[in-house]
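J.: The residues making up each chain are set out below.
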Amino acid sequence: MANRVAIVGVGRSTQAARRPEVNDAEMINEAVRAALEDAQIDIKKVQAVLTNSIDGFDNFYLGDCLLVDGSGAYMKSGMKLHTGGTVGSTGAIAAFNMVASGMFDIVLTIGHQKQERGNSMGTLCAAAPGEVREYVQGAIGAFAQAAVEYMQNTDAKLEHAAMVRLKADKNACRNPYAHLRLGLKSIEDVAKSPILIWPLRLLDFCPQSCGAAALIVASEKVAKKISKKPVWVADHETVHELQSEVVFGGAEEKSQQIAARHIYKRNGITNPAKDIDCFEVYEPSSWEEMYLYEHFFITEHNTGWKLIEKGMTELEGPIPVNPSGGVLATNAIGATAMLRIGEAALQIRGDAGEHQCTKDIKTTLSSGLGGTNWTTLVLLKRSL
Amino acid sequence: MAEEKKEELIGVEFFSKIPYNWSMGPYVGTVFTEMKENKRIWGIRCPNCKKLLFPPEAMCGYCFTEFTHDNWEEIGDEGTVVQFTKAGMPIFDIRKGTFAFSERPLANIQFDTGPYIMHWLEEKDMEKLHLGMRVKAVWREQGRGRGYEDIMYFRAIEEKK
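Line by line, the protein sequences give chains A and B. Position 94, counted from 1, in the first sequence is what this note's numbering calls 94; the numbers after and before it change by one each time, with no gaps. Just remember that this note's numbering sits 1000 ahead of the position in the second sequence, which is counted from 1.
Just chain A, same shape as in the assembly (with noise of 0.2 Å):
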């Protein structure tokens, strides 16, 4: 990047199933005023404001005009961004790029969605009515095909799906900021819940939740001056691919993987399971998560289930893998994939509080996932 980027404001809102007590812009200002306080600085210091949403998701449109006065932005720079599930990501990424430009010292980026309104999945199907789209039974029908796809070559079976699950509530369970908070004790407890669409339990597909997320954004000047630990950004990476493809699953060489070459290659990371330290991803079912350890090269392909059955990738593992909780316990869409970010910031920090890590985080990589299986990918590092 042209300059150095960090980040030294994460502000998270309360994420819940439905959030009556607050509208759309109490509910932002929320995240809002967290990041300011965890940055120590006030609004008036911000000199740009981005907000991030999926219009459509949950019926609400024209966040850039209607959420101003909770998101701060009155008579500041700024834009709405939307790119489907990477918005969250895509909006933090837009904010680095508006600092490492020289152009701006300090950036507010926002991530919302109130999905207690609205239907995601009919929003889903009307993406493209008449093309492939309509039969894709929102996203719950492509991951079902994805999974079953895994199951069908590997050896993974439902148990392991199951212990993703597990994994994924025991540490949402020890974050406050975590919407599903079930207390599951056992594989039992996930064999219980309905099947959605075969073989995706309830529980194995992240909830629709209501939530915000808040970064700020600073020149590496002001970062230094303002904050005792800024997390800088190392790098980060955006891949597209085509509607016309099957997108998920683990046939061939996707976005995911291609992605993943491109920032590893740039930052000289060869073995991704020992130079990165912990990895904040966006999996919308328990088997993508499994899909994602192999893609992003933590273990080889078709492996992935094996490192779940190891618990490798628990919090105290060697290779955490959403110490938050993840996408399963909270799923604010907007506000998903910044929170992965902003998550995977406190670990370098070590300001997790009960979801910190036991081993020592110095560099995190945080995923982005969407529609049509766009990839973000961000590479935090404590030290450049």
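Please note that the accuracy of each hint is not assured.
Below 25 Å or equal to it, Euclidean Cα-Cα: the simulated SDA-like pairs (lysine to any residue) are [said to hold, decoys possible]:
#, chain 1, residue 1, chain 2, residue 2
1, B, Lys1051, A, Ala251
2, B, Lys1006, A, Glu245
3, B, Lys1017, A, Tyr61
4, A, Lys254, B, Thr1113
5, A, Lys192, B, Met1126
6, B, Lys1050, A, Gln257
7, B, Lys1160, A, Gln152
8, A, Lys254, B, Arg1104
9, B, Lys1051, A, Ser244
10, B, Lys1006, A, Gly122
11, B, Lys1136, A, Ser244
12, B, Lys1051, A, Asn119
13, B, Lys1128, A, Pro194
14, B, Lys1128, A, Gly56
15, B, Lys1051, A, Gly250
16, A, Lys254, B, Ala1058
17, A, Lys157, B, Asp1125
18, A, Lys192, B, Arg1104
19, A, Lys157, B, Leu1129
20, A, Lys80, B, Ser1016
21, B, Lys1160, A, Gln257
22, B, Lys1136, A, Glu245
23, B, Lys1017, A, Glu116
24, A, Lys157, B, Leu1131
25, A, Lys157, B, Glu1127
26, B, Lys1050, A, Ala251
27, B, Lys1051, A, Gln257
28, B, Lys1124, A, Gln152
29, B, Lys1017, A, Gly56
Cβ-Cβ distance ranges computed for the label pairs, FRET-style [unchecked claim]:
#, chain 1, residue 1, chain 2, residue 2, range
30, A, Asp42, B, Leu1009, 48 to 56 Å
31, B, Gly1029, A, Lys45, 49 to 57 Å
32, A, Met75, B, Phe1014, 26 to 34 Å
33, A, Ala17, B, Val1138, 37 to 45 Å
Residues from chain A that face chain B, not an exhaustive set, calculated with beta carbons under 7 Å [to be verified]:
#, residue
34, Pro20
35, Glu21
36, Val148
37, Leu196
38, Ile197
39, Leu242
Derived from the structure by calculation, the hints contain no laboratory data. None of the values given here were measured: they were computed from a predicted structure. Every residue gets a Cβ at the ideal spot worked out from N, C-alpha and C, and that includes glycine.
Based on the hints, put chain B in the right spot on chain A.
T.: Okay, now just chain B, sitting in the frame of chain A:
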């Protein structure tokens, strides 16, 4: 002693209909007409990168080449199941705007010529389905000119030797 002021939480419900009229463009339009009238599936072969695109648009997504109507190529209606699933919950039907149960499994099918289609399978028994099974489109007697709707589902056919 003054009574504590209670918060009033009001949610205003309203329902909005969103009518769509989706322009399919000349290339998908040709595909839909061909499906309706001749029960055939056409794609576009990129003259530059040689990839077969379906559904086709006026340009190649891979190499950005602009197409002409000279680039049509038949895709065929036989293929292989690469992914499948079955919903245990009501699924949103975009055409009707309602949720409904579907008794048929859904599959990702790769045509023998390469492109993919997402469609229903005739066989309802999940035990009888497997990745790699061979299928062929079963066409509606009277096409509707609405593309994928002109195929009812894909039927299992004899495996390739």
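J.: For every hint, state whether the structure bears it out.
T.: Going through the hints against the structure:
1. B:Lys1051 / A:Ala251: Holds - the C-alpha atoms of Ala251 of chain A and Lys1051 of chain B are around 18 Å apart, at most 25 Å.
2. B:Lys1006 / A:Glu245: Given that 25 Å is the threshold and the Cα spacing comes to 54 Å, the pair is violated.
3. B:Lys1017 / A:Tyr61: 15 Å, holds
4. A:Lys254 / B:Thr1113: 20 Å, holds
5. A:Lys192 / B:Met1126: 21 Å, holds
6. B:Lys1050 / A:Gln257: Holds, at roughly 24 Å.
7. B:Lys1160 / A:Gln152: 20 Å, holds
8. A:Lys254 / B:Arg1104: 29 Å, violated
9. B:Lys1051 / A:Ser244: With Cα atoms ~12 Å apart, Lys1051 of chain B and Ser244 of chain A stay inside 25 Å; holds.
10. B:Lys1006 / A:Gly122: Distance of about 37 Å is beyond 25 Å: violated.
11. B:Lys1136 / A:Ser244: Given that 25 Å is the threshold and the Cα spacing comes to 20 Å, the pair holds.
12. B:Lys1051 / A:Asn119: Distance ~36 Å between Lys1051 of chain B and Asn119 of chain A Cα, so the pair is violated.
13. B:Lys1128 / A:Pro194: 22 Å, holds
14. B:Lys1128 / A:Gly56: 38 Å, violated
15. B:Lys1051 / A:Gly250: Roughly 21 Å separates the two Cα atoms, so the pair holds.
16. A:Lys254 / B:Ala1058: 24 Å, holds
17. A:Lys157 / B:Asp1125: This hinted pair holds, its Cα atoms lying about 20 Å apart.
18. A:Lys192 / B:Arg1104: 24 Å, holds
19. A:Lys157 / B:Leu1129: 18 Å, holds
20. A:Lys80 / B:Ser1016: Holds: Lys80 of chain A and Ser1016 of chain B sit about 24 Å apart, inside 25 Å.
21. B:Lys1160 / A:Gln257: At roughly 32 Å apart (the allowed maximum being 25 Å), Gln257 of chain A and Lys1160 of chain B break the hint.
22. B:Lys1136 / A:Glu245: Distance ~20 Å between Lys1136 of chain B and Glu245 of chain A Cα, so the pair holds.
23. B:Lys1017 / A:Glu116: 18 Å, holds
24. A:Lys157 / B:Leu1131: Given pair Lys157 of chain A, Leu1131 of chain B holds - Cα atoms ~16 Å apart, limit 25 Å.
25. A:Lys157 / B:Glu1127: 16 Å, holds
26. B:Lys1050 / A:Ala251: Between Lys1050 of chain B and Ala251 of chain A the Cα gap is close to 21 Å, so the pair holds against 25 Å.
27. B:Lys1051 / A:Gln257: With a Cα-Cα distance of about 21 Å, the restraint between Lys1051 of chain B and Gln257 of chain A holds, given a limit of 25 Å.
28. B:Lys1124 / A:Gln152: Since the Cα atoms of Lys1124 of chain B and Gln152 of chain A sit roughly 19 Å apart, the hinted pair holds (cutoff 25 Å).
29. B:Lys1017 / A:Gly56: Holds, because 13 Å separates the two Cα atoms, which is no more than 25 Å.
30. A:Asp42 / B:Leu1009: 48 to 56 Å: 30 Å, violated
31. B:Gly1029 / A:Lys45: 49 to 57 Å: 54 Å, holds
32. A:Met75 / B:Phe1014: 26 to 34 Å: 32 Å, holds
33. A:Ala17 / B:Val1138: 37 to 45 Å: 41 Å, holds
34. Pro20: With Cβ-Cβ at 5 Å, under 7 Å, it holds.
35. Glu21: At 6 Å from the nearest chain B Cβ, Glu21 of chain A passes the 7 Å test, so the hint holds.
36. Val148: With a closest approach of 6 Å, the Val148 of chain A hint holds.
37. Leu196: Status holds, d = 5 Å.
38. Ile197: 4 Å, holds
39. Leu242: 4 Å, holds
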